[in-house]
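Asks: Here the protein sequences line up with chains X and S, keeping their order.
All you need for the numbering used here is the position in the first sequence, starting with 1, plus 89.
All you need for the numbering used here is the position in the second sequence, starting with 1, plus 2.
Just so you know, the hints here were simulated from the structure itself, not pulled from any lab data.
Each residue gets a CB set at the ideal place from its N, CA and C atoms; glycine is no exception.
Incorrect hints may have been included.
As the list claims (entries may be wrong) - Below, computed lysine-lysine pairings styled on BS3-like, alpha-carbon distance capped at 25 Å:
| hint | chain 1 | residue 1 | chain 2 | residue 2 |
| --- | --- | --- | --- | --- |
| 1 | S | Lys-443 | S | Lys-397 |
| 2 | S | Lys-788 | X | Lys-320 |
| 3 | X | Lys-236 | X | Lys-301 |
| 4 | S | Lys-572 | S | Lys-602 |
| 5 | X | Lys-317 | S | Lys-453 |
| 6 | S | Lys-453 | X | Lys-354 |
| 7 | X | Lys-128 | S | Lys-136 |
| 8 | X | Lys-317 | S | Lys-788 |
| 9 | S | Lys-572 | S | Lys-494 |
| 10 | S | Lys-572 | S | Lys-596 |
| 11 | X | Lys-128 | S | Lys-62 |
| 12 | S | Lys-575 | S | Lys-602 |
| 13 | S | Lys-129 | X | Lys-128 |
| 14 | X | Lys-228 | X | Lys-144 |
| 15 | S | Lys-73 | S | Lys-142 |
| 16 | S | Lys-391 | S | Lys-443 |
To be verified - In silico negatives: residues of chain X with every beta carbon more than 10 Å from chain S:
| hint | residue |
| --- | --- |
| 17 | His-96 |
| 18 | Ser-106 |
| 19 | Lys-111 |
| 20 | Asp-136 |
| 21 | Gly-142 |
| 22 | Asn-155 |
| 23 | Asn-204 |
| 24 | Glu-240 |
| 25 | Asp-245 |
| 26 | Gly-285 |
| 27 | Ala-315 |
| 28 | Asp-318 |
| 29 | Asn-327 |
| 30 | Ala-351 |
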Amino acid sequence: MYDFAYHRPKSVADAVSLLKSKPEARAMSGGMTLIPTLKQRLARPSDVVDLGGVKELAGIKVEGNNVVVGGMTRHADVAGSAEVKAAIPALAYLAGHIGDPQVRNRGTIGGSVANNDPAADYPGAVVALNATVTTNTRKITADDFFKGLFETALADGELITSISFPKAEKAAYVKVPNPASRYAMVGVFVAKTAAGVRVAVTGAGACVFRVKAMEDALAKNFSSAAIKDIKIPFEGLNSDIHGSSEYRAHLVGVMARRAVDAANK
Amino acid sequence: MTAATGIGARVLRTEDKRFLTGTGRYVDDLPLARATYAYFLRSPHAHARIKSIDVSAAAKMPGVVNIFTGKDLVDAKVGGLICGWTVKDKHGQPHKAPAHPVMAVDTVRYVGDTVAMIVANSHDEAKDAAEAIKVDYDVKPATIDLAKALDKGATEVHPEAPGNLIYDWEIGVKADVDAAFAKAAHVTKLDLVNNRLIPNAMEPRAAAAEYDKGTGHYTLWSTSQNPHVLRLILSAFVLGIPEHKLRVIAPDVGGGFGSKIFCYADETMVCWAASRVGRPIKWTAERSESFQTDCHGRDHVTHAELALDKDGKFLALKVETIANMGAYLSTFSTAVPTYLYATLLAGQYTTPLIYANVKAAVTHTAPVDAYRGAGRPEATFVIETIVSKAAAEMKIDPAELRRKNFIPSTAFPYQTPVALQYDSGNYPPIIDEAMKIADYKGFEARRAEAKSRGMLRGIGFSSYIEACGLAPSQVVGSLGAGVGQWESAQIKFNPTGNVQVMTGAHSHGQGHETTFAQLIHDKLGVPMDQIEIVHGDTATTPFGMGTYGSRSLAVGGSAIVKATEKIIAKGKKVAAHLMEASVADVEFENGTFKVAGTDKSVPLAQVVFAAYVPHNYPHADTEPGMDENAFYDPANFVYPAGTQICELEIDPETGTTEIVAFTAIDDFGNIINPMIVEGQVHGGIVQGVGQALMEGAVYDKSTGQLISGSYMDYTMPRADNFPSFKHGNKHTPCPHNPQGVKGCGEAGAIASPAAVMNAVHNALAPVGVKHVEMPATPLNVWQSIKGAQRQAAE
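In isolation and in its complexed conformation, chain X is listed as follows:
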């Protein structure tokens, strides 16, 4: 990797001021994407601001009808949290199936959501559960947060401090992992919350997206039979050596039905 200056601030305020003072600085949470990128010399930040020392960013709490997960909370902590398992078991399940044990013990929810990798699992949960992303400056709804391939509503120097997930009446996440990387080739998060039914798809497109036709059908009848004839157009979906866009479109249907069945169990 190229040389860079390393900082380990102790507060969000210090982290933000570091990021703002150095235009080529990059924030690092778990480093699950940044470190491999640095090692391959694909990124050349002047400064890396490691959020690992910002204690206020990690932790899980239940506030009324919401589960609030701090931005620096590790996947393993979400997966193992009794509060999350009780309130939104599908979210704990999702976190427990990200990557491998090493990734789950380093990677964080804030890092994953801020990076918005098209094959990341968390964006599916954020959108399907209609979560709210809280940053150091504002609150952003899930639908407004994810903008496109690796693109979010976050401004320069803006950090995710927590994500608030409303409890779900029913929810489930099912995915087909890429056989090599085990990132989601297609992942579907289905949730029935106070806001209605949502179906969010990750891995299949440039960015997480909702399937309105399925949501409408499921709102009337929350069963896999209700969506069995709904086809997803393959045009514009991702295509690589592991999955053509046709295959991914097909898998969205299969995974959505399986997610609904799992949510009904």
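Fit chain S to the known structure of chain X by using the hints.
Replies: Same frame as chain X, now just chain S:
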């Protein structure tokens, strides 16, 4: 001997203590004073002419010590890398041998071809400087697709190989085979691609070298499977350093699977440059370099036909294969798809007539050479898939069709129509045992139960044979090998009674330090903790051929046994003297010399001490010391065989395959350490299943970029892809080596791809799928099902 540590005991591996506690010493661990670090600039293009290389800016970068390009090697009259096996084509002409410069001079021929070597005070500085080197490439069209490499008009990789053809080779008499086909009641035809694999040893290749100006000695540390052979190649063909001035050390090495047999450009450069730089040089491949530049394996396009009579007896087999050599001929590349492939096409069967035609082609891809099984997995895949396909077509049970054609146990030694003479075997009890353990009878019930869950369940057989224990020198010499394939051993007792055993074989995961010690313990009665197995250093071990082709125990172990016989013979003379008895009356048992019929005895340790402190000693006819050498050249290959049964379930909605049961019954001859054998079989099965379901090197067919160039895209098998394996042994001892052993290192990988793919085809037959190529990834399986549905609808 005591059951706990002797032959047949499940002795825990001595070497694992250091491997598991992080105290192994690998090439990269070497602390070399004043070391410099090398980085190689590699070609980003599959095929380009180098118009110019400008290193002037890079040379001024901080920490840069020296930069070398191909032109420097030309100026220094360094030789090219060699192919050590001359295959003669069907007209008796030697294969085309294109030049293989250590670093590219005017043309690059694959993505990863070596363009420049940067030596700097640190790895990062070398890499920074590499980015500052300006190479002006004239990019040319590339030949990537093997199936089209021999077509008219394909871009030529080398002027020395017109039409990209390295050889057009054959075995068998085509006219006889054609005549047999004309009379056949049934002919089964099969087209297949044997997918290209990337070895992925856990430890990337690495090299370090140091030059002693005072003595003119070079020391090269390399991740080599065969340090003596590497030294021989570098000395005699490439660098011209006299053999006695070059020491090659292969310390702990983290896996090879064949990929570390060969002499590579990087280690050659590190060694050569050490004297120019005047400081030690270290280099360790990055993982992406391993993907791009380790020799790849397999990569065949094959058409096969099997002729059967009306009862299912095999009449003849015809095979046509195009084998990919990659951009240059690596060390043993030419032998793999010929003498290690076509000679195995009889399998376990009495097929009386076989004809095989193999065309080797060069392409603008990384060199292809031996990879775990080397030719034999490709042969087994052809035979075992065509046999299962024939069984399905003729509606004969696949086990029954195999049994009908097995070479009977009374027919050994059995001469096949493709040169090999099988020494021993008994195949029917193996398949019976495998079917019993796999509960073959209960399969249809399990298939029906799976169907009720919407799953497609399949079962597949693979009854393999392989020829390993490479190899009788006279035989391989007559076939074009540039070396002999004996092995060496030295048993050196120390005066205090412990023993060092030097072997020419090399352990890079196989557990020789345990297995060989068990041999010594069994033969000489020396306790295990008094035995040290020494390997991997040309300065301390006798010249040997190294480890590949499942040869270490069958050949290297036999050399050790021969040396123990010399120790016992000499010890008897000394013991007879000490016991004042006649040598003819002295017996050796459990580490003690005894005079037959008396209570006189003297332990080996005392005899050893007497040999080093020979105050009371038979000086007249016995030299002091207890240090014996032996060389062993095998009389034949050894022929492990077995049957594997794979059972799996396919989810037709997603195309994902789950292996639910895997049974392997093997004949490895006598077994020294069953635990190590099981480990080898498990690892082999995993690699074979990897080939069948997951792994595949994918190059972009126009640009030649390696798409599967990292673990993000190259699917390595993982523990959670597998059930627990069921393994058993049915021995027939090898009749021509002292321990009656056969090889076990490659068998799992040789047999399993066919077992898996036969099960895949069995599972998918009810939905109309005729053929799925490896790797049967979820996408591939789903597309095959879709294709069959489309065809049915039409």
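Asks: Next, verify each hint and record whether it holds.
Replies: Structure-based check of each hint:
1. S:Lys-443 x S:Lys-397: holds (17 Å)
2. S:Lys-788 x X:Lys-320: Since the Cα atoms of Lys-788 (chain S) and Lys-320 (chain X) sit roughly 16 Å apart, the hinted pair holds (cutoff 25 Å).
3. X:Lys-236 x X:Lys-301: holds (18 Å)
4. S:Lys-572 x S:Lys-602: holds (18 Å)
5. X:Lys-317 x S:Lys-453: Distance ~20 Å between Lys-317 (chain X) and Lys-453 (chain S) Cα, so the pair holds.
6. S:Lys-453 x X:Lys-354: Holds, because 22 Å separates the two Cα atoms, which is no more than 25 Å.
7. X:Lys-128 x S:Lys-136: holds (22 Å)
8. X:Lys-317 x S:Lys-788: Holds, at roughly 18 Å.
9. S:Lys-572 x S:Lys-494: Holds - the C-alpha atoms of Lys-494 (chain S) and Lys-572 (chain S) are around 13 Å apart, at most 25 Å.
10. S:Lys-572 x S:Lys-596: Given that 25 Å is the threshold and the Cα spacing comes to 14 Å, the pair holds.
11. X:Lys-128 x S:Lys-62: Holds - the C-alpha atoms of Lys-62 (chain S) and Lys-128 (chain X) are around 24 Å apart, at most 25 Å.
12. S:Lys-575 x S:Lys-602: Holds - the C-alpha atoms of Lys-602 (chain S) and Lys-575 (chain S) are around 15 Å apart, at most 25 Å.
13. S:Lys-129 x X:Lys-128: holds (12 Å)
14. X:Lys-228 x X:Lys-144: Roughly 20 Å between the alpha carbons, so the hint for Lys-228 (chain X) and Lys-144 (chain X) holds.
15. S:Lys-73 x S:Lys-142: Given that 25 Å is the threshold and the Cα spacing comes to 21 Å, the pair holds.
16. S:Lys-391 x S:Lys-443: Roughly 20 Å separates the two Cα atoms, so the pair holds.
17. His-96: Label holds. Min Cβ-Cβ 21 Å, cutoff 10 Å.
18. Ser-106: Ser-106 (chain X) clear of chain S: closest Cβ-Cβ about 30 Å, beyond 10 Å.
19. Lys-111: holds (22 Å)
20. Asp-136: Correct as stated: the minimum Cβ-Cβ distance to chain S is 18 Å, above 10 Å.
21. Gly-142: holds (26 Å)
22. Asn-155: holds (34 Å)
23. Asn-204: holds (15 Å)
24. Glu-240: holds (21 Å)
25. Asp-245: holds (28 Å)
26. Gly-285: With a cut-off of 10 Å, Gly-285 (chain X) remains clear of chain S, as the shortest Cβ separation is near 27 Å.
27. Ala-315: holds (18 Å)
28. Asp-318: The claim stands: Asp-318 (chain X) keeps its Cβ more than 10 Å from every Cβ of chain S (closest is about 15 Å).
29. Asn-327: holds (12 Å)
30. Ala-351: Non-interface label on Ala-351 (chain X) holds, nearest chain S Cβ at 15 Å vs cutoff 10 Å.
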